[in-house]
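A.B. asks: Order-wise, the sequence lines are chains A and B. For what it's worth, my numbering labels the leading residue of the first sequence as 27, then goes sequentially. For what it's worth, my numbering labels the leading residue of the second sequence as 314, then goes sequentially.
Keep in mind that a hint or two might mislead.
What the hints assert, rightly or not - Cut-off 20 Å, straight-line C-alpha distance, at most; resulting in silico cross-link-like pairs (DMTMM-like, lysine to aspartate or glutamate):
hint, chain 1, residue 1, chain 2, residue 2
1, A, LYS338, A, GLU214
2, A, LYS333, B, ASP349
3, A, LYS110, A, GLU214
4, A, LYS165, B, ASP336
Said to hold, decoys possible - To give an idea of the chain B side of the interface with chain A (calculated C-beta under 8 Å), a few residues:
hint, residue
5, TRP354
6, SER355
7, THR362
Just so you know, these hints were derived from the structure itself, not from any lab. Just so it is clear, CB atoms sit at the ideal spot from N, CA and C, and this is done for glycine as well.
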Amino acid sequence: MKFVIVGSGLAGVTVAEALAKGARHDVVLVTAETLGYYSRPRLSHGLALSDEAAAKIVLKRFDALPAGVRLLAGAEAWFIDREKQRLALKNGDALDYDVLVLATGSAARIPGGLVASRPNFMTLNSLDDLLTLRRRRAKARVRTEKPRWAVVGGGLIGCEVASDLHKAGDSVTIFHREARLLELQLTESQSQALHEHFTARGVEVRYSQDLNELPRPYDGVIVATGFAPRVELAKEAGLATARGIVVGETLRTADPRIYAVGDVAEVGARLYPFVSPIRSQAIWLAEHLEGRAQAAWAPPPFTPVIKVHDFKLPAVSPVS
Amino acid sequence: MNVPLRRFTCQVCGHVYDEAEGDPAAGIAPGTRWQDIPDGWSCPDCGATKADFALMAA
């Protein structure tokens, strides 16, 4: 069997490694990334780290992948020819597949009001983004001891990066659209505890900030207002998409030869953008593709982790 | 017999669980052996499950 997998995040790499075991299949992994497999959950705490520790965010260089995985790094998928079962790449190459696995992950979602300001703010969605931010911070520190940051978004990534910049010694203001932090993950009293944690440390939080222009003056603005699954490949191929690529409980699209897994997969009208369910999906999918998984994929119990330095969530069960 | 304290690493994000240190933020006291950590415990950095950790060579 020839498997072509698009994307080298947790989902894509886990599927590729599992399928490569036993060397019975031809496994090709296509990725726009160039450095290696890295831990996305760690990116939001990658600012206070030393250069040496930050380099360890890359957990596995691409040349350390199992021999059975043929890797095409720095390559972007362009379109799917479903009839010919062929994936075209932007560099002009094409790959034939028996099964295509879309593990294209997600991009940073930018609020409409800020799209026009795009060159003047940063996001934290990829290792490249982190490296850009670290360079930007180093540059700011040439001019000032304590760079001032605006973090737009009081969700998971916004709170985590604000906490990390504060730990690194910088001044941080969070601009949140809603009336409380992490309103999707926390109860009101937990949000309040997080608010108090931040303000006690000098991190300012401003609420009801639906911005149409960038806050100023700051040494840097980071926009962390959610994620957008990369559905374009599937959409242009005529497959159903909603927030993500619509798949059934076997992670299969309406095309029996195309699957989606990870951030980009919308299963039963839900996305599962967290480590545990994504790893579970990837391992399950590899078994399914080898004919070993019988029942449908079912999400494991999981609790999203909120990584704010020195903050312990008060013991109230989070809203689901 | 004293079994030496061990370290386990999260295969997803690289976080290290050191038996000597435990995970006090999650109520796991220093010195807690790997097998005594409840199955519902998850990686404090990325939320991966206990099963996603592997023993590190000493």
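A.B. asks: Hint by hint, note whether the structure agrees.
C.D. replies: So, going through the hints one by one against the coordinates:
Straight-line distance between C-alpha atoms of LYS338(A) and GLU214(A) comes to about 15 Å, which keeps the hinted pair within the 20 Å bound. Only pairs whose Cα atoms come within 20 Å are accepted, and LYS333(A) paired with ASP349(B) is rejected, the gap being roughly 24 Å. For the suggested pair LYS110(A) and GLU214(A), the alpha carbons sit about 53 Å apart, so the restraint of at most 20 Å is broken. Straight-line distance between C-alpha atoms of LYS165(A) and ASP336(B) comes to about 36 Å, which puts the hinted pair past the 20 Å bound.
Below 8 Å, beta-carbon pairs count as interface contacts, and TRP354(B) has none with chain A, the closest being about 10 Å; its hint is therefore violated. This hint holds: SER355(B) has a C-beta 6 Å from the nearest C-beta of chain A, less than the 8 Å allowed. With its C-beta approaching chain A no nearer than about 6 Å, THR362(B) sits inside the 8 Å limit, and its interface hint holds.
The structure fails hints 2, 3, 4 and 5 (numbered hints given earlier, in ascending order).
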